[in-house]
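> Here are the chains, one letter per residue:
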Amino acid sequence: MKKLIAIAATTFVALTPIQANSATGNIPFSGAVSNSCIITVGSSGALAASADYSVLSSEETGGAAGTATILTTGGGFSLSADAPASFSSAPATGNTNVSFSATYAATGANNIPATAGTSATALSRGSSAITVNMSGSKSVPGETFESGTYAATVVLRCE
Amino acid sequence: MKIKSFKFIGQILTVGSILAVSALPERAAAQAMSPMRGQVKSFTDFFALRVYPANPYSHRVRMEVKVYDQDFRPVRARVSPSQFTLGGRLARPVSVIVPFAGTKNRKVRVCTEAIPFPTQQKSATTIRAQVCGKFLGVRVN
Numbered sequence: 093m094k095k096l097i098a099i100a101a102t103t104f105v106a107l108t109p110i111q112a113n114s115a116t117g118n119i120p121f122s123g124a125v126s127n128s129c130i131i132t133v134g135s136s137g138a139l140a141a142s143a144d145y146s147v148l149s150s151e152e153t154g155g156a157a158g159t160a161t162i163l164t165t166g167g168g169f170s171l172s173a174d175a176p177a178s179f180s181s182a183p184a185t186g187n188t189n190v191s192f193s194a195t196y197a198a199t200g201a202n203n204i205p206a207t208a209g210t211s212a213t214a215l216s217r218g219s220s221a222i223t224v225n226m227s228g229s230k231s232v233p234g235e236t237f238e239s240g241t242y243a244a245t246v247v248l249r250c251e
Numbered sequence: 832m833k834i835k836s837f838k839f840i841g842q843i844l845t846v847g848s849i850l851a852v853s854a855l856p857e858r859a860a861a862q863a864m865s866p867m868r869g870q871v872k873s874f875t876d877f878f879a880l881r882v883y884p885a886n887p888y889s890h891r892v893r894m895e896v897k898v899y900d901q902d903f904r905p906v907r908a909r910v911s912p913s914q915f916t917l918g919g920r921l922a923r924p925v926s927v928i929v930p931f932a933g934t935k936n937r938k939v940r941v942c943t944e945a946i947p948f949p950t951q952q953k954s955a956t957t958i959r960a961q962v963c964g965k966f967l968g969v970r971v972n
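Chains A and B, in that order, give the protein sequences.
Start counting the first sequence at 93; every next residue gets the next number (our numbering).
Start counting the second sequence at 832; every next residue gets the next number (our numbering).
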């Protein structure tokens with residue numbers, strides 16, 4: 093009987109989970125995200141001529157808007173777009189009597205309809221897909237854009 | 832004599848800019864620029880600040896830091912370095928020293944923008960990203 097009790101006790105001990113004298117410690121982590129704005133430029137835009145060749149615009153048939161992504165980590169930022177003052181590359185008469193304009197629109201964290209680039213729009217926190225359009229128009233009636241290659245740059249600003 | 836004085840002022844401003852950094856937020860990875868707001872007090876004719884332009888892309892980018900006033904007119908500030916190449920997902924400190932130009936307070940925009948590499952400039956229409964921080968310099972004395 094004593095042997096039986098001894099075996100049973102040994103088995104009990106073997107099956108009982110080991111109870112270690114445990115201690116807990118808290119390991120603190122901390123970090124900070126600064127209030128900032130990130131612009132990631134996507135695809136370049138393409139300009140196409142209007143039917144009468146007086147306008148070069150990304151919104152004409154065959155043109156394409158430029159794209160970018162803006163991520164803001166907080167509030168207080170605004171978005172605007174500066175139209176170019178001239179074509180950076182153009183044929184001889186390409187920059188004569190041309191007025192430029194730029195617009196932007198956003199979807200995502202910010203839903204902004206097409207807005208004149210000169211008008212700044214407040215941004216909410218989050219990521220937004222931006223499309224940018226630009227156009228150059230001959231300001232003198234009857235003038236047309238000469239054949240050749242045109243290039244221009246729109247400044248997309250987050251501040 | 833004037834050159835020696837200017838060098839001395841430069842040394843003071845360098846120390847001042849290092850001190851100013853302690854008042855500004857820490858930099859964070861993958862950001863176009865931080866901080867983007869700040870106020871700096873100065874006892875001299877200049878105020879100094881430090882910004883951290885960052886390259887959010889995975890490839891290297893040539894960057895430029897420019898200083899403008901409230902109306903986007905260029906300000907003759909000392910930016911060091913003003914142009915540099917930054918590897919993907921990296922940030923680096925840039926020191927900016929701005930003269931008060933006779934004013935008690937001066938608001939400036941410090942803007943970081945990417946410079947397209949020569950091979951990238953051939954495309955028809957490009958977007959140049961510009962991220963601008965707004966800073967106020969306050970002359971204490």
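If you are wondering where the hints come from, they were derived from the structure by calculation, not from laboratory data.
Just so you know, even glycine gets a beta-carbon here, dropped at the ideal spot from N, CA and C.
Some hints could be false.
[Unchecked claim] Simulated coverage check for chain A against chain B, where a stretch passes if three residues somewhere in it have a Cβ under 8 Å from a Cβ of chain B:
hint : stretch
1    : 125-132
2    : 135-141
3    : 184-197
> Look at each hint and say if it fits the structure.
Comparing the hints with the structure gives:
no., hint, in the structure
1, 125-132, "holds (count 8)"
2, 135-141, "holds (count 4)"
3, 184-197, "violated (count 0)"
Checked against the numbered hints above, the structure breaks only hint 3 and satisfies the rest.
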